[in-house]
Amino acid sequence: QKEVEQNSGPLSVPEGAIASLNCTYSDRGSQSFFWYRQYSGKSPELIMSIYSNGDKEDGRFTAQLNKASQYVSLLIRDSQPSDSATYLCAVHPPSGGSYIPTFGRGTSLIVHP
Amino acid sequence: ETGVTQTPRHLVMGMTNKKSLKCEQHLGHNAMYWYKQSAKKPLELMFVYNFKEQTENNSVPSRFSPECPNSSHLFLHLHTLQPEDSALYLCASSQRSGSNNEQFFGPGTRLTVL
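Protein sequences appear in the order of chains A and B. So the first sequence is numbered by my numbering: it starts at 1 and just counts up by one. So the second sequence is numbered by my numbering: it starts at 114 and just counts up by one.
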């Protein structure tokens, strides 16, 4: 049973702070990792992808991957109230196997002014 | 706009009605998915189609019937639903293989069963 674990939150941070969202996964051979943002009542929107160990930066967002620890995180710098949403972690299985991702339950982020 | 469209965006139906949800993707993907998301609950994978063939059916009740006539279109036929089926129904598409196999979601259909 593939599992992707996220703290459901809510995680509350003040505006301008760094928000740190974490995700752990059980399938050691997983290859691709994605972060989606979902506003209330809306569909998930892809914001970051990461495939190799280390950091990947895109604007205010940084994804961090540690395959040895089976851990992927998303950092949001200079958090804004508009970042308030649920963040979903998705983990894709190894190449050659199933192509269907496993989603975590999501972490609710609240950025207060 | 993600390249995945869904209609209708909102649907209210009685338990005896029959309705269909439609999804269309313009991304050239070869896999399409139906998800259900109830209030404050995680995504639940319902069905997966790969090149028009159903590859997953996650123990979904038979009152939900999917149809995939080609790799760009996906339908979800609904009949004799229950109030607990009220939820956001999301369609997604992706490439089946390769490293860039992230999913792109449509805007969803908000379904209310009376």
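It cannot be assumed that every hint is accurate.
Straight-line C-alpha distance at most 27 Å; calculated DSS-like pairs for lysine-lysine [claimed, not checked]:
id	chain 1	residue 1	chain 2	residue 2
1	B	Lys131	A	Lys2
2	B	Lys149	A	Lys2
3	A	Lys56	B	Lys135
4	B	Lys165	A	Lys2
5	B	Lys135	A	Lys67
6	B	Lys149	B	Lys132
7	A	Lys42	B	Lys154
8	A	Lys2	B	Lys132
9	B	Lys135	B	Lys154
10	A	Lys42	A	Lys56
11	B	Lys132	A	Lys42
12	B	Lys132	A	Lys67
13	B	Lys165	B	Lys135
14	A	Lys42	B	Lys153
15	B	Lys165	B	Lys132
16	B	Lys132	B	Lys153
No lab work stands behind these hints: they were computed from the structure. Values in this document were obtained by computation on a predicted structure and should not be read as measured data.
Hint check:
For the suggested pair lysine 131(B) and lysine 2(A), the alpha carbons sit about 35 Å apart, so the restraint of at most 27 Å is broken. Note on lysine 149(B) and lysine 2(A): the hinted pairing holds, with a Cα-Cα distance of about 19 Å set against a maximum of 27 Å. Under the criterion of a C-alpha separation no larger than 27 Å, the hint pairing lysine 56(A) with lysine 135(B) is inconsistent with the structure, at around 36 Å. Restraint check for lysine 165(B) and lysine 2(A): the C-alpha separation of about 25 Å stays at or below 27 Å, so the hint holds.
Distance hint between lysine 135(B) and lysine 67(A) is unfulfilled; the C-alpha atoms sit about 38 Å from each other, more than 27 Å. The straight-line distance between the Cα atoms of lysine 149(B) and lysine 132(B) is roughly 16 Å, inside the 27 Å bound, and the hint therefore holds. Proximity of lysine 42(A) to lysine 154(B) is assessed by CA-CA distance (about 14 Å); at most 27 Å being required, the pair is judged to hold. Straight-line distance between C-alpha atoms of lysine 2(A) and lysine 132(B) comes to about 34 Å, which puts the hinted pair past the 27 Å bound.
Taking the CA atoms of lysine 135(B) and lysine 154(B), the gap is near 23 Å; set against the 27 Å cutoff, the hint holds. For a cut-off of 27 Å, the pair hint linking lysine 42(A) to lysine 56(A) stands: about 26 Å separates their Cα positions. Only pairs whose Cα atoms come within 27 Å are accepted, and lysine 132(B) paired with lysine 42(A) is accepted, the gap being roughly 22 Å. A C-alpha spacing of about 45 Å is found between lysine 132(B) and lysine 67(A), which places the hinted pair above 27 Å, so the restraint is violated.
For a cut-off of 27 Å, the pair hint linking lysine 165(B) to lysine 135(B) stands: about 15 Å separates their Cα positions. Distance restraint check for lysine 42(A) and lysine 153(B): the Cα-Cα separation of roughly 12 Å lies within the 27 Å cut-off, and the hinted pair is therefore satisfied. With a C-alpha separation of about 21 Å, the suggested pair lysine 165(B) and lysine 132(B) falls inside the 27 Å cut-off, and the hint holds. At roughly 25 Å between alpha-carbon atoms, lysine 132(B) and lysine 153(B) fall within 27 Å of each other, so this suggested pair holds.
Violation of the numbered hints given earlier is confined to hints 1, 3, 5, 8, 12; the remaining hints are satisfied by the structure.
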